[in-house]
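Protein chains in written order, with the working numbering: chain A, 234 to 659; chain B, 234 to 659; chain C, 234 to 659; chain D, 234 to 659.
The hints are simulated quantities; they were obtained by calculation from the structure and are not laboratory data.
It is possible that some hints are incorrect.
Note that identical chains are pooled: a pair holds if it fits in a single copy or bridges any two copies.
DSSO-like mimics (lysine-lysine), calculated; alpha carbons at most 27 Å apart, straight line [claimed, not checked]:
| id | residue 1 | residue 2 |
| --- | --- | --- |
| 1 | K392 | K509 |
| 2 | K654 | K392 |
| 3 | K654 | K593 |
4 protein chains.
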Amino acid sequence: MTEQILAELLNFRRDFHRYPESGWTEFRTTAVIAKRLTELGYDITMGEQATSKNQMMGVPDEQTLSTHQERALEQGADACYVSKMTGGHTGLWADLNCGDGPTVALRFDIDANDITEVQDSTHRPVKEGFASENPGVMHACGHDGHAAVGLVLAELLAKDRSRLQGNIRLIFQPAEEGVRGARAMAAAGALTNVEYILGFHLGFQAERTGILIAGTGDFLATTKLNVWYEGVPSHAGAYPEKGKNALLAACTAALNLHAIPRHSGGATRITVGTLKAGQGRNITPPNAYFELETRGITSELDDYMRREAERIIQAAALTWDIKYRIETAGGTKSGESNPEMADLIEREAAAMPVFTEVRKRSSFGASEDYAHFMSTVQEQGGMGSYIQVGADLASGHHTSRFDFDERSMLHATELLYKVIKAMLVK
Amino acid sequence: MTEQILAELLNFRRDFHRYPESGWTEFRTTAVIAKRLTELGYDITMGEQATSKNQMMGVPDEQTLSTHQERALEQGADACYVSKMTGGHTGLWADLNCGDGPTVALRFDIDANDITEVQDSTHRPVKEGFASENPGVMHACGHDGHAAVGLVLAELLAKDRSRLQGNIRLIFQPAEEGVRGARAMAAAGALTNVEYILGFHLGFQAERTGILIAGTGDFLATTKLNVWYEGVPSHAGAYPEKGKNALLAACTAALNLHAIPRHSGGATRITVGTLKAGQGRNITPPNAYFELETRGITSELDDYMRREAERIIQAAALTWDIKYRIETAGGTKSGESNPEMADLIEREAAAMPVFTEVRKRSSFGASEDYAHFMSTVQEQGGMGSYIQVGADLASGHHTSRFDFDERSMLHATELLYKVIKAMLVK
Amino acid sequence: MTEQILAELLNFRRDFHRYPESGWTEFRTTAVIAKRLTELGYDITMGEQATSKNQMMGVPDEQTLSTHQERALEQGADACYVSKMTGGHTGLWADLNCGDGPTVALRFDIDANDITEVQDSTHRPVKEGFASENPGVMHACGHDGHAAVGLVLAELLAKDRSRLQGNIRLIFQPAEEGVRGARAMAAAGALTNVEYILGFHLGFQAERTGILIAGTGDFLATTKLNVWYEGVPSHAGAYPEKGKNALLAACTAALNLHAIPRHSGGATRITVGTLKAGQGRNITPPNAYFELETRGITSELDDYMRREAERIIQAAALTWDIKYRIETAGGTKSGESNPEMADLIEREAAAMPVFTEVRKRSSFGASEDYAHFMSTVQEQGGMGSYIQVGADLASGHHTSRFDFDERSMLHATELLYKVIKAMLVK
Amino acid sequence: MTEQILAELLNFRRDFHRYPESGWTEFRTTAVIAKRLTELGYDITMGEQATSKNQMMGVPDEQTLSTHQERALEQGADACYVSKMTGGHTGLWADLNCGDGPTVALRFDIDANDITEVQDSTHRPVKEGFASENPGVMHACGHDGHAAVGLVLAELLAKDRSRLQGNIRLIFQPAEEGVRGARAMAAAGALTNVEYILGFHLGFQAERTGILIAGTGDFLATTKLNVWYEGVPSHAGAYPEKGKNALLAACTAALNLHAIPRHSGGATRITVGTLKAGQGRNITPPNAYFELETRGITSELDDYMRREAERIIQAAALTWDIKYRIETAGGTKSGESNPEMADLIEREAAAMPVFTEVRKRSSFGASEDYAHFMSTVQEQGGMGSYIQVGADLASGHHTSRFDFDERSMLHATELLYKVIKAMLVK
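Here chain A stands alone, though its shape is the one from the complex (with noise of 0.2 Å):
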């Protein structure tokens, strides 16, 4: 039965690889997993009920995001799913109602990043067929995996509906990338109720299949910024004097933000991921776009972070006489795993031979939008924990040969499952 339980594992996530779709625009694959989900019996909410509006930061704007519904239609996915999602409503979540007893919800992230995949036959995407047809776009994180997991455990769950107790929630959430899509989805009630919450990553700081990481904490807080520069052309050779510099105030302002001091109160970074500048090699440059993002170990770090990238924005614009406007596009709260829910993780890991190594904790040093998530449940009372499934890689998260041992979907399978039994059987 375990090999039936891959080969479905296998078949969704190769197929959500091959249709990769970033933040907003999983048309398709919301459409294929609100499908699944229905036919398994899982009651949906979807739509404008899934993501609050106002709360959906760096939506594409209305013809991207009509392409890529086109695109999703022309690569299979079902009309009348895909018609809920106008405006960039995607993402999901199912309940499975068991009747009295906790809610608990698990989070599967789903979309995929803005990076083009290596077209190299040693790759096993490439040399197995599934590679990414979409231009530019490439699950290079594993959020494909996660997606097949939840479609596989959802059966699993629903097959056992009769033995639990209490409400399981599917959370499918968009645009993890970014940190934009928590927020939006918690904002929409997908938190009501919910007691505990379980969420999980493949790989990552679990880098060889075999390793099983229970409870996550330290994640980083985060705040994403959009900046534009607005300067004055002109003709570079015959009148540079009449230009404003646009260009040279970006560089001004990437190096003075790389340069914000540490914080003896933890861990902070900030990185200028992106910077276009100028419009022609003889035209002073009278525009530059650049996107940030601080983190900090706690809120109160991440908000330094961000005082000091904003006066420091503002002064490089001023070095150069231009203006500017700094817009924020996501970010997403610190958190920590509880440790009782990483005990009980623990204890189902440590009775299963493909687990070789188990660890209790781990301090993550990087942002997940699952932290808004875990820290809004405790907010709320409950609790919750991060679990870190271990899988070989054949390339860092995020790099364009990224790919990943995919019999540790069936691990993070049959852990989910354990622990819900665990938690839930009557």
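Starting from the structure of chain A, add chains B, C and D where the hints point.
The following block gives chains B, C and D in isolation, referenced to the frame of chain A:
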């Protein structure tokens, strides 16, 4: 008759304005010119005969070229001519052999700018229906007018053929922006036997209709460089120390490049005109690309700037431990009109009532690909001059609202016609 | 008796405060200490026996040393002792041999800071007449108090000699600022046979009188670098292009050094603390000198920072085509107190009513030259701890208004006395 | 007789070279000049009458002034003269009234540079025993020679007094470096009634003995600014986030200042010539001080540079959230010699066999405080010229090996003598 000439000039200019094509993609523009000049009896040299492959810098990739060839056909270009230009061999020269006598060349540049024209109805090309139909490309420097003058002048000269002696060569040059076309045409033989050369520009320093500048000097020598930086990506939150940041390298380069010392030997310029870096907000940027240009009032000064620039570019790569590549993307010589030629032009202009202010010479202080043609003719013992024909402007050259008083084309046509006659009438 | 001890502490502390001496010039301070300890019957090791020449980093030049030796004599130092320290061999260690038993070392740092003390009469040292008489030098970290505690403790222990067993070694360390002295003393044999080592600091994280921190860990490893840049001067108005600008190189280095990525492995630091460049306003600056330090919560992290820093320094020199030289000016290890030692200290402190808040451990997050001593003792099989003794502060450490509640010296003296007795009483 | 004149020139020059004094501290130099001119019968205006207090920029503090007055006395200055200069009122003018006729002024600058002279015996001043005895100060621009020429010329003219008509005013100007002295002397009346003014420089563009440049133009207007940044110190290891870093602000300012766009209107300059920041390696630098200058071929261009500079300085302070203060420390006008004056000088020079190459005019491209004198005379209806007298140089101006062919002083003396006679002989 003057009004009829003006009508023809408007026809050609507005047609070129509507279908602007940037450097090495002037398929439709060249085809229109070739067809008209053939009708007028000129001998055409075009395609691989007119531009020397190994001197063509900054040619778009094959796919872009073929897309633009397609577009040219859709926009009415004669397929016979378009097919000769495969590979980006746009532009042509046309000879009108009028028997024994010197060869006089006239240069007309025909390419457009990578600028998006304003959509606003106060902009005449919009209001009168000849605004650019090619997104992101615009005739924002007046080359549409230059090409129109060339075609109408060709007709006037052809009618006078029997009264002239010598050879008239009309050079319709591609890729003036980026100063790339002149070198490729000169290497292909465009200047063979040329004893005199004339070029002109509408507007520029002749900033009002009625001004005429007979000779222009102090063309800036210039070098165009493209720079690629290649670092190493990493998850900016989880492993910032594993990345090698190409964006910061580019910013360090840009700031220091602009800080190259001024030179006591005369005017220099440097501009990093465009910069693009990074793959995503939360990835240490592993890539950067920027385009810059240096200039100098003499070729020696431009060489100084280039040498400094290359070292700074290398050092910024070392700063962040990344790889770099520098490509020369263009360049032209400095230049100075011959006073004897300017005298003749000044005399003819002074006799034309439309020119209310005739100046003998001006210092250009910018670069023009024409300088390569003129300097080469002078090196082979000939003479040349560069004329500026006054035109009221709606907005500066290279801006998205650029437009000019179209009567200036009439003035240019008549002046060039008189100057040629003064040189070649039997 | 307590008040008598306090009076002695004040005497010593205020005398040291009035005549502060910075690293390797503590001639008077050492002479005072040597004289007193000799009177008390300690065996003194000083001069070239106490500090290993080739490990002494950042020693001032001969002239400065001899000027300061002169000053020490003028300010009352005993010439006999001063003469032994020629060459900057300041500091000493003193043994009180009490028969068989373990060797217990105590470390007291004695150097002052290069800070100008405020003149203002609200500052107690000014008001009460013991402000610094040495321009530009000030005890702004409390080492005056540490040295005073050492001398009074020495007296208490000497009186108890017959009741103790083992060897007590009091290490009066020079050049703690800049973390330079410990390495030179350890290399000279200061830790030979040492099984236990204790060190302490007034104030710091124990920021109020009454707090006691028994063990301290997470000392940052650190590296101190001095950098010289050498370019070429030129008349900045007449020949700017002939200069090679060392000031701009230093500025480029400073900005990029501060932008070295944070490390996921733990806390790091970098600071370019001083910079001096240029010869005159109208001369292209041909010289620059700057001092920086890197830190890391582990020695590996400090090594990462140092490697990055060295490459960036080299690259900034290349940017402006100048020469560079890097000199290591100091450095110390990371460190962690032994919990067993902290337990003992905690117990003794808990029994003292003056300590209203006793903490077992704190994470230091800064560097201390003591870490070199303690780590070395641990490497040879011994144990150590670093105590922080609470003191109300008038202003932060290393500021020009620094002053501390002098009763804290009494608390430190008594605690150390009790701890030693607990270890060595027969 | 020529050799006797040369001997006198050498005497004076080498004496001045041995005791160099920088701006506003030329106590000994002025005293020597005052004494000699008094002997020769000139009327001396000095002290507070010669330099207007509120126009004296960059005067050292009182203690420095009095230390230098002491030194002047120790080095043989006449106390009677030195006492008149308390407060930094160095320099003087001296009138030789020869009856009715125009007033002709000659300007000689007398200050030295803040440069340390090389010690090496291949340097003639070392070899022949007249190297600087004042540490850190050196005549590295030739003002020692200028002053010598002034004194010997004074003697020649005094002997001819009866044969001349008009008034001769010899202006011995302090603080030419930093272009500070001219404004203060002009404000005090140095140019009252002056109809003609002459100035000269040894060497510079007349880079070989035998060259003579009769008139000089294109003096750069210049502005000198001093900038203070004030941040907040913090322990760089323990609390990096609490500091506000003035050093990084200064570095950001310096880089961006040097990146101010070149101007199409003509030559500009900018140099941050000195920078000093920080208190200690391990303290976030709370202070920075830097000196810069801007220049422009016209006063409008210098104003452009100054405006840009002030905004950039302000913005860099904002970048790091620190305070700033900008002080104007000097400045002079642009300038151009009158061709009529240059004609006369050219004629006289052409008749002197020592001048093997006589040039009518050169473009200076640098600043000279003389331009303030000359422009002021021209504004009041007079004329002026600035002569450059050829001299072989051992090394460039403002370098530590500077030395010049001393025979050039003879050439300068004779030429000026002839020119004055041509203007004023009855």
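Each hint tested on the structure:
1. K392 - K509: So K392 and K509 fail the 27 Å test inside a copy (52 Å) and across (52 Å) alike.
2. K654 - K392: within (12 Å within a copy, 72 Å between copies)
3. K654 - K593: within (20 Å within a copy, 43 Å between copies)
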